[in-house]
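Below, each chain spelled out in residue letters.
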Amino acid sequence: MSGGTWHALLVAVLVALVALGLLPAVGGIYQYLLVPVHGFRNHLRRAAPRLPRVAVVVPAWNEGAVLAASLERLMRLEYPPDRLRVYVVDDASTDDTPDVVRAKAAEHPGRIVLLRREQGGQGKAHTLNHGIAHLLSDDWMQALLIMDADVIYRPDSLRRMTRHLADERVGAVTAYIREGSHRPGAVARFIGYEYVTAQACARRAQNVMGAIACLAGGAQLHTRANLEAVGGRIDTTTLAEDTFTTFLTQLDGRKVVFDGQAVVLAEEPDSVRALWKQRVRWARGNVQITHRFRDVWFRPSRTQRLGSVDFGLVWFSVFALPFALVSASVGLVGLYVAAPGTASAVFGQLWWFGIGTYLFITLTTLLVDLDTARRSWFEGLMFPGVGALVLVVASATPTFWEVTVPGVLGLRMTEVGVEVWTLLLYLWPVLSMLLARVVHDLEGVPVVGSLSKPLLYVVGYGPLLCAITLDAYVRQWRGTAQTWDKTEKTGKVLG
Amino acid sequence: MTGSEPGPRSGPAWWATATPEAAADEIAANRRGERYVAFAGLAGAVVTALVLLVVLAAR
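Residue numbers (this note's numbering), protein chains in the order written: chain A, 1 to 495; chain B, 496 to 554.
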């Protein structure tokens, strides 16, 4: 091949890398296109009044600060009291967790039970299994609700979940976990918005697809039959026990349903460091799930939809996000070096995709949950980060940052300045992930620590999640020891 | 939870009685309410399309 042919091939590969970087966004758009479909095609048409005897299992390790409120809310559920029992599995807490539970049990005789593991610290799945083994030992339980100690159930939430069990094909139901901190800071507000996208919108789309990615850990209702069919216990070998159970349920031919009108409030971490720790665990768990169920992906089946092409596209869109950012940057910078004209042309064509994706997803998300929008609208607008928004504007109007803005300030950008600026724009997807790590490292450091939050808005929450995910992949690849970390909560939740 | 409480036979207070009639009414109301997400998604799409057209015209 001639030099010209090699060059053309290189340019084609680099353009393909840029295109590859857009794929996760395509997966996101696909999910959002299904959201309106859920308005008319949802499982409520098969729901019917159904109030089974529900055993609630609450795993608790040093949850004394938050348990009283969540137990009290459970006792106030609009659900027949004789059909609801709560079992708190104390994982050898060293705080006042047992005392709090005993006090509540005394207030509500026969409705709250304390189960204690003398040797704890093995993780949530082991704690749950202790409770599940106890519950399966008699016939009282008809359905099992697994929740977290710090979540607050709205009075109508449980019966809005159980109504789906009227459809005998349903094995499990999950609710909408909404961020509900009493005084949310920046990180909690970002999480609030994220939960609308990842749950209220994505789970509705997955309902339409017929495959749910994950039962929320704090709100998963199983039929007794489903629980027994998946082995009567929760998997303890991965860091994503919720997702594991979700997959087992669906692979066994039973449906998993999300009800967005069954709302549960949760207090989420309000620091980047706590978020990083929590999400590294989640992302490593997803790597394990992706590998464990490797025979499922893109293999359509008549009995389940996890293997469908669209669900695979959605799953791997999230999985590949950090690689997509790297791919886009490598492609653009490579083009800038190999064929500057093509780089400029490709970048200039991305404006409609950037603006379209951003507006469609942001507007729909804000509209779907107006309560969260009132609290987190600014974080919604800033979700991709100021840097990414600058990038989109640069793509739409190339002269805006190079000519118009400097002109307003009475300045003129030099040729070197234009080159540096262009490279900065092309490198931004990767830079944003590196800066996300800086946000993490700055937090809590005396004096400069206050820069962490403003920098988070510049970097964006989306790139922060990508950086965390990349870190998780590296840890998983290196085989770093996996530990179960508890996210500290204060127990101050709205509702 | 007996369904014998006085009050309107619609809305959250009625649904809270959790009688089969109230629960069925709540399901029907939630089905109607769920149509709102269709509006949300379509509104998001329409506004996005309009903005893209405006930007296209302004370029």
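Please note: incorrect hints may appear among the correct ones.
Unchecked claim - Okay, the calculated beta carbon distance ranges per label pair: (1) 378(A) - 534(B): 51 to 59 Å; (2) 30(A) - 534(B): 45 to 53 Å; (3) 290(A) - 530(B): 33 to 41 Å; (4) 526(B) - 445(A): 50 to 58 Å; (5) 29(A) - 508(B): 38 to 46 Å; (6) 345(A) - 526(B): 44 to 52 Å; (7) 526(B) - 370(A): 17 to 25 Å; (8) 290(A) - 515(B): 56 to 64 Å; (9) 137(A) - 534(B): 34 to 42 Å.
What the hints assert, rightly or not - So these bits of chain B aren't anywhere near chain A, every CB distance computed over 10 Å: (10) 504; (11) 525; (12) 533; (13) 535.
Claimed, not checked - Covered by chain B, according to a simulated footprint, are these stretches of chain A (three or more residues, beta-carbon under 8 Å): (14) 29 to 40; (15) 43 to 49; (16) 132 to 145; (17) 148 to 162; (18) 289 to 297.
Derived from the structure by calculation, the hints contain no laboratory data.
Note that beta-carbon positions come from the ideal geometry of N, C-alpha and C, so glycine has one too.
Can the region 289 to 297 of chain A be counted as covered by chain B under the rule of three residues or more with Cβ-Cβ separation shorter than 8 Å? violated (count 0)
Mind checking the hinted window 33 to 41 Å against the Cβ distance between residue 290(A) and residue 530(B)? 35 Å, holds
Mind checking, does the region 132 to 145 of chain A have 3 or more residues with a CB under 8 Å from chain B? violated (count 0)
For residue 137(A) and residue 534(B), compare the CB-CB distance with the range 34 to 42 Å and indicate the outcome. 49 Å, violated
Would the non-interface assignment of residue 535(B) survive a Cβ cutoff of 10 Å against chain A? Label violated. Min Cβ-Cβ 4 Å, cutoff 10 Å.
Counting residues of the region 43 to 49 of chain A with a beta carbon closer than 8 Å to any beta carbon of chain B, are there 3 or more? Answer holds; 5 residues pass the 8 Å Cβ test.
Residue 29(A) versus residue 508(B) beta-carbon gap, inside 38 to 46 Å or not: Holds - the Cβ-Cβ distance for residue 29(A) and residue 508(B), about 41 Å, lies within 38 to 46 Å.
Closest CB of chain A to the CB of residue 525(B) still more than 10 Å away: 5 Å, violated
Mind taking a look at whether chain B covers the region 148 to 162 of chain A? Criterion is 3 or more residues with CB to CB distance under 8 Å. holds (count 4)
For residue 30(A) and residue 534(B), compare the CB-CB distance with the range 45 to 53 Å and indicate the outcome. Check failed, 20 Å falls outside 45 to 53 Å.
Between residue 345(A) and residue 526(B), does the beta-carbon spacing fit 44 to 52 Å? Holds: the Cβ-Cβ distance is about 49 Å, inside 44 to 52 Å.
Under a C-beta cut-off of less than 8 Å, do 3 or more residues of the region 29 to 40 of chain A approach chain B closely enough to confirm the stated coverage? holds (count 8)
Figure legend: structure checked against the earlier numbered hints; hints not met, in rising order: 1, 2, 8, 9, 11, 12, 13, 16 and 18.
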